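So the protein lines, in turn, are chains P and R.
According to the working numbering, the first sequence is numbered sequentially starting from 1.
According to the working numbering, the second sequence is numbered sequentially starting from 1.
I should point out that these hints are in silico values taken from the structure, not numbers from a laboratory.
Here the structure is a predicted model, which means the values were calculated and not measured.
Some hints could be false.
[As the list claims (entries may be wrong)] The list that follows gives simulated cross-link-like pairs (lysine-lysine, BS3-like), each with its CA atoms no further than 25 Å apart:
#1 P/Lys87 x P/Lys144
#2 P/Lys93 x P/Lys108
#3 P/Lys87 x R/Lys225
#4 R/Lys132 x P/Lys93
#5 P/Lys87 x P/Lys165
#6 P/Lys144 x P/Lys111
#7 P/Lys165 x P/Lys111
#8 P/Lys115 x P/Lys104
#9 R/Lys225 x P/Lys476
[Said to hold, decoys possible] Pulled a few chain P residues facing chain R out of the computed Cβ check, cut under 10 Å:
#10 Pro220
#11 Arg392
#12 Leu396
#13 Ala402
#14 Met409
#15 Gly446
#16 Ala448
#17 Leu452
#18 Met456
#19 Val458
#20 Asn465
#21 Arg467
#22 Ser496
#23 Phe508
#24 Thr512
The beta-carbon is built from N, C-alpha and C at its ideal position, and this holds for glycine as well.
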Amino acid sequence: MENANADFIPIVILLAVAVAFLWLHFTGGSGLTRLYLAAALTVLAVLILLPSANVGLPDWWTSDIPTPKIQLGLDLQGGTHLLLEVKLDDAVKNQLRRVGDDVKQEMKRNKLDVKSVTQDPSGAVLVTLPSAGERTAFLDLAGKMFSDMVIGLAPNSSDAGPTYKLTYRPMELDQVRRNAMEQALETIRNRIDQLGVRETTIAREGNDEILIQLPGIQDPERAKELIGKTGVLQFKLVDDNHSVSDALRDGPPPGDEILYGPASRGGREPYLVETPVLLTGDTITDARVRPGGQLEGPYVTVDLDQRGAEIFAAITSANVGRKIAIVLDNIVYSAPVIKEPIPGGRVQITGNFTYDESHELAIVLRSGALPAPVEIIEERTVGPSLGRDSIREGELSFVVGALLVLIFMAVYYSGAGVLADFGLSLNILLLICVMAAMQATLTLPGIAGIVLTLGMSVDANVLVNERMREELRLGKTPREAVRLGYERAWSAIRDSNISTFVAGLILFQFGTGPVKGFAVTLCVGVLTGVFSCFVVTRAWYDYLISMRRLSTISV
Amino acid sequence: MSFQIISPDIDLDFVGKRYFFVALSSLINLAAIVLLITVGLNYGVDFVGGSVVQLQFKSATDGRHIRDALEPLGLGQVTVQDFGAAARHQYLVRFEKVKNVGSLGKKLEARLDQAYGPGAAQVLRVETVGAKVGHDLRRDGFMAVIFATVFMGIFIAWQFRGVSWSFGAGAVIALIHDVLVVTGALVISRLEFDLTTLAALLTVIGYSVHDTIIVSDRIREDAAKRRRDPIAAIMNRAINETLSRTILTSGTAIAVLIALLTLGGPILRPSAFTLLVGFITGTYSSIYIAGPVVLFWEGKGTGRSRRGAVTRAA
Chain P
1 MENANADFIP IVILLAVAVA FLWLHFTGGS GLTRLYLAAA LTVLAVLILL
51 PSANVGLPDW WTSDIPTPKI QLGLDLQGGT HLLLEVKLDD AVKNQLRRVG
101 DDVKQEMKRN KLDVKSVTQD PSGAVLVTLP SAGERTAFLD LAGKMFSDMV
151 IGLAPNSSDA GPTYKLTYRP MELDQVRRNA MEQALETIRN RIDQLGVRET
201 TIAREGNDEI LIQLPGIQDP ERAKELIGKT GVLQFKLVDD NHSVSDALRD
251 GPPPGDEILY GPASRGGREP YLVETPVLLT GDTITDARVR PGGQLEGPYV
301 TVDLDQRGAE IFAAITSANV GRKIAIVLDN IVYSAPVIKE PIPGGRVQIT
351 GNFTYDESHE LAIVLRSGAL PAPVEIIEER TVGPSLGRDS IREGELSFVV
401 GALLVLIFMA VYYSGAGVLA DFGLSLNILL LICVMAAMQA TLTLPGIAGI
451 VLTLGMSVDA NVLVNERMRE ELRLGKTPRE AVRLGYERAW SAIRDSNIST
501 FVAGLILFQF GTGPVKGFAV TLCVGVLTGV FSCFVVTRAW YDYLISMRRL
551 STISV
Chain R
1 MSFQIISPDI DLDFVGKRYF FVALSSLINL AAIVLLITVG LNYGVDFVGG
51 SVVQLQFKSA TDGRHIRDAL EPLGLGQVTV QDFGAAARHQ YLVRFEKVKN
101 VGSLGKKLEA RLDQAYGPGA AQVLRVETVG AKVGHDLRRD GFMAVIFATV
151 FMGIFIAWQF RGVSWSFGAG AVIALIHDVL VVTGALVISR LEFDLTTLAA
201 LLTVIGYSVH DTIIVSDRIR EDAAKRRRDP IAAIMNRAIN ETLSRTILTS
251 GTAIAVLIAL LTLGGPILRP SAFTLLVGFI TGTYSSIYIA GPVVLFWEGK
301 GTGRSRRGAV TRAA
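Make the full structure from the sequences, and use the hints.
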């Protein structure tokens with residue numbers, strides 16, 4: 001496959017020609033040279049756009065000549081657009097719950113008593129001490145462990161058993177939210193990648209939203225299933241003291257729960273696991289499939305961060321011989337046996353895996369940890385046939401409309417009209433080329449933008465031609481009429497186009513989705529419109545004048 | 001010289017009739033405001049949240065049957081409307097509220113398979129927007145329009161300050177007039193107001209201002225040439241001088257839009273309608289709204305143009 005950057009070479013050439021054209025225009029280069037440049041622009045634009053027009057080009061063309069493709073919006077090509085909201089507040093609460101767990105553990109390790117560790121509705125950790133005597137020891141410990149947190153007396157704290165409230169400092173809070181957002185984005189990207197859809201867009205929108213675009217997807221259900229997994233990857237111990245079948249019949253013993261394996265593996269295998277979560281997926285930094293030898297088959301290595309490594313070392317040394325269940329969204333993907341204490345945070349999971357099984361396990365381990373629930377807050381699915389209809393109808397109406405304009409100009413202004421038509425056609429070509437180069441997507445609102453652009457560039461030509469007619473009526477020579485026509489029409493065209501251009505910028509800044517696409521079309525259209533009327537069409541006049549063929553002007 | 005539609009020495013009295021047209025426009029605007037408040041725009045799901053589903057049936061059915069078929073899903077109020085040509089058997093079904101965004105398409109297809117037999121109906125398009133998103137989109141769209149309008153008002157006021165600072169106000173009031181006329185027409189037509197229609201409305205705003213600037217530019221030019229003439233006379237002359245251009249440009253634009261409206265298919269229809277009404281009123285308002293605002297500002301148009309008019313702006 002060719003380098004993606006190579007796609008832009010023709011566009012760069014196109015822009016270079018346009019710049020040369022502009023330079024000659026302002027330095028008064030010869031009319032003929034400028035006409036050559038106009039011709040070069042036209043040919044380049046057509047060459048760039050042909051592959052997108054889908055007219056059955058030979059293979060060598062489409063594969064060997066680099067061209068940027070015009071991306072059609074989902075409303076035109078069909079596909080699914082999803083907007084997800086990441087519940088960042090929940091992510092913060094989850095994170096704080098872990099802080100609470102850490103407090104409990106550290107207190108225990110330091111042989112300090114704690115009455116209760118809870119969370120208030122906002123998620124803040126409330127630590128209640130059995131008596132005022134533990135106060136200093138607790139503050140000492142907490143100050144050392146959680147230097148990034150605000151620790152203060154809770155409002156309802158009593159002197160007998162003081163309650164402390166632990167919350168994040170504003171900066172830390174931002175960091176937690178930012179991390180959660182990044183992790184969510186990464187996780188969802190991993191999950192969507194599993195669909196194998198090409199040209200997906202997964203992007204962050206605003207503070208807590210993720211935009212997903214899946215072109216050409218007819219059945220978005222699987223995507224939504226994958227995204228909708230709101231759970232968290234957890235490690236839990238398998239209870240070997242009770243039998244699964246007893247638990248299935250009589251209900252699980254206290255402190256246990258029954259979880260099942262994935263449905264895909266022929267029947268759902270039940271597991272009896274202990275409820276406490278020993279470790280969560282956010283401590284996993286990486287998980288990979290290793291080929292392994294002939295006998296044992298592929299295995300999976302897991303890397304843990306430092307906190308995870310410490311916890312995992314403690315778990316494994318206390319539970320050698322027991323099974324640990326890897327649970328994603330309450331589905332047990334694997335339950336390997338702990339063979340030995342594992343310090344250092346590098347875990348190997350072996351166990352007669354097929355390659356696919358180990359691959360799936362690695363994905364689960366890597367992408368499992370969605371730090372917060374996500375909710376689909378917007379969905380737009382357009383079937384491909386509908387998109388095709390929209391394109392066909394849009395194209396038909398656009399072609400008919402454009403032909404109406406071109407024919408009218410040619411009839412009304414005869415010679416000058418034909419020159420204007422040349423400029424107008426090139427304007428549309430250039431507009432679409434630049435849009436393709438900017439990788440802007442063409443949507444229905446974008447087509448509305450093109451219509452406005454077409455209207456405004458027709459107006460520029462009409463203004464110039466009307467002015468030429470006026471000057472001719474005043475008895476000016478054709479040469480003077482052309483010069484004055486352009487000169488006097490300029491201030492109107494300049495002001496109206498500046499106003500439109502800046503309005504386009506503002507719309508782009510504040511608008512969302514389709515409004516943005518519209519704004520891009522508008523801004524680019526203003527530039528190409530003024531360029532094609534004042535630089536390209538003008539070149540024709542200058543050439544005709546310089547050849548002295550313009551003894552009479554037909555306008 | 002080829003043929004022309006408007007004679008070069010046309011001299012119609014536009015400015016003299018301004019009281020009549022301003023009164024007429026005010027009435028229309030008032031009616032539009034009343035319509036917007038009492039009836040309101042037919043907001044699409046983009047702006048109020050909910051779901052809209054486009055269905056393709058193999059054979060003819062009607063709204064009542066579809067509603068009955070979807071009743072058991074318990075999706076609240078369901079409205080069904082024909083979409084496009086009757087022979088295509090396409091319907092647009094709208095649900096006011098959807099609890100679980102996502103997975104609607106599958107549910108509907110399953111339900112319709114039960115009611116109409118397998119494969120009788122196909123879901124062509126599903127658009128579901130959460131209420132919060134709808135609210136955000138409406139706010140963002142609104143903000144974008146306000147900022148763009150304020151900018152254009154200031155820009156025009158500055159560019160035409162040599163004649164009168166009121167050109168900016170004239171253009172903005174003309175723009176508001178056009179937005180009211182178009183939205184009023186949308187209320188009457190019951191066409192859906194969604195993001196695509198909003199883009200069309202933005203196009204109308206762009207065109208309206210563009211057209212006002214073209215006419216104002218001629219006023220600016222003439223004012224610089226004829227310092228002694230009253231501004232009303234200059235304005236009338238400028239409108240006449242640009243009339244040929246106005247008719248040509250609007251005429252071609254309207255021709256394009258009629259093509260869009262008739263051939264563009266049902267999805268483009270609300271945009272094409274918005275643009276058509278907007279381009280007509282945008283052209284009209286440059287002459288009968290923007291101009292009179294300047295005249296009223298400058299002392300009912302009887303006074304001479306101010307001294308500032310002698311310097312041509314920018």
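Status of each hint after checking the structure:
Under the criterion of a C-alpha separation no larger than 25 Å, the hint pairing P/Lys87 with P/Lys144 is inconsistent with the structure, at around 30 Å. Between P/Lys93 and P/Lys108 the alpha-carbon distance is near 23 Å, which keeps this suggested pair within the 25 Å criterion. Our distance criterion of 25 Å between C-alpha atoms is broken by P/Lys87 and R/Lys225, whose separation comes to about 65 Å. For the proposed pair R/Lys132 and P/Lys93, the alpha carbon gap of about 22 Å is at most 25 Å, so the pair holds.
Only pairs whose Cα atoms come within 25 Å are accepted, and P/Lys87 paired with P/Lys165 is accepted, the gap being roughly 23 Å. Taken as a hint, the P/Lys144 and P/Lys111 pair is honoured in the structure, with Cα atoms around 16 Å apart against an allowance of 25 Å. Restraint check: the Cα-Cα separation between P/Lys165 and P/Lys111 comes to about 21 Å, which is no more than 25 Å; the hinted pair holds. Only pairs whose Cα atoms come within 25 Å are accepted, and P/Lys115 paired with P/Lys104 is accepted, the gap being roughly 10 Å.
Proximity of R/Lys225 to P/Lys476 is assessed by CA-CA distance (about 19 Å); at most 25 Å being required, the pair is judged to hold. Annotation: interface hint on P/Pro220 holds; nearest CB of chain R at approximately 7 Å, less than 10 Å. With a cut of 10 Å, the hint placing P/Arg392 at the interface with chain R holds, because the nearest CB-to-CB distance is about 8 Å. The restraint placing P/Leu396 at the interface with chain R holds, with a minimum CB-CB distance near 5 Å, inside the 10 Å limit.
Hint status for P/Ala402 relative to chain R: holds, with the closest Cβ pair at about 7 Å, below 10 Å. Taken as an interface hint, P/Met409 checks out: its beta carbon lies about 8 Å from the nearest beta carbon of chain R, inside 10 Å. Taken as an interface hint, P/Gly446 checks out: its beta carbon lies about 8 Å from the nearest beta carbon of chain R, inside 10 Å. The restraint placing P/Ala448 at the interface with chain R holds, with a minimum CB-CB distance near 5 Å, inside the 10 Å limit.
For P/Leu452, the interface hint holds, the least distance from its beta-carbon to any beta-carbon of chain R being 5 Å, beneath 10 Å. A hinted interface residue such as P/Met456 counts as satisfied when its beta carbon comes closer than 10 Å to some beta carbon of chain R; here the least separation is about 6 Å, so the hint holds. Against a cut-off of 10 Å between C-beta atoms, the interface hint on P/Val458 holds, since the closest Cβ of chain R lies about 5 Å away. Because the closest C-beta pair between P/Asn465 and chain R is about 9 Å apart, less than 10 Å, the hint holds.
Checking P/Arg467 against chain R: minimum C-beta separation of about 9 Å stays under 10 Å; hint holds. At a threshold of 10 Å, the smallest CB-CB gap from P/Ser496 to chain R is about 4 Å, leaving the interface hint in force. Among the interface hints, the one on P/Phe508 holds; its C-beta lies about 9 Å from the nearest C-beta in chain R, closer than the 10 Å criterion. Interface restraint check for P/Thr512: the shortest CB-CB distance to chain R comes to about 5 Å, inside 10 Å, so the restraint holds.
In this structure, the earlier hints numbered 1 and 3 are contradicted, and the remaining ones agree with it.
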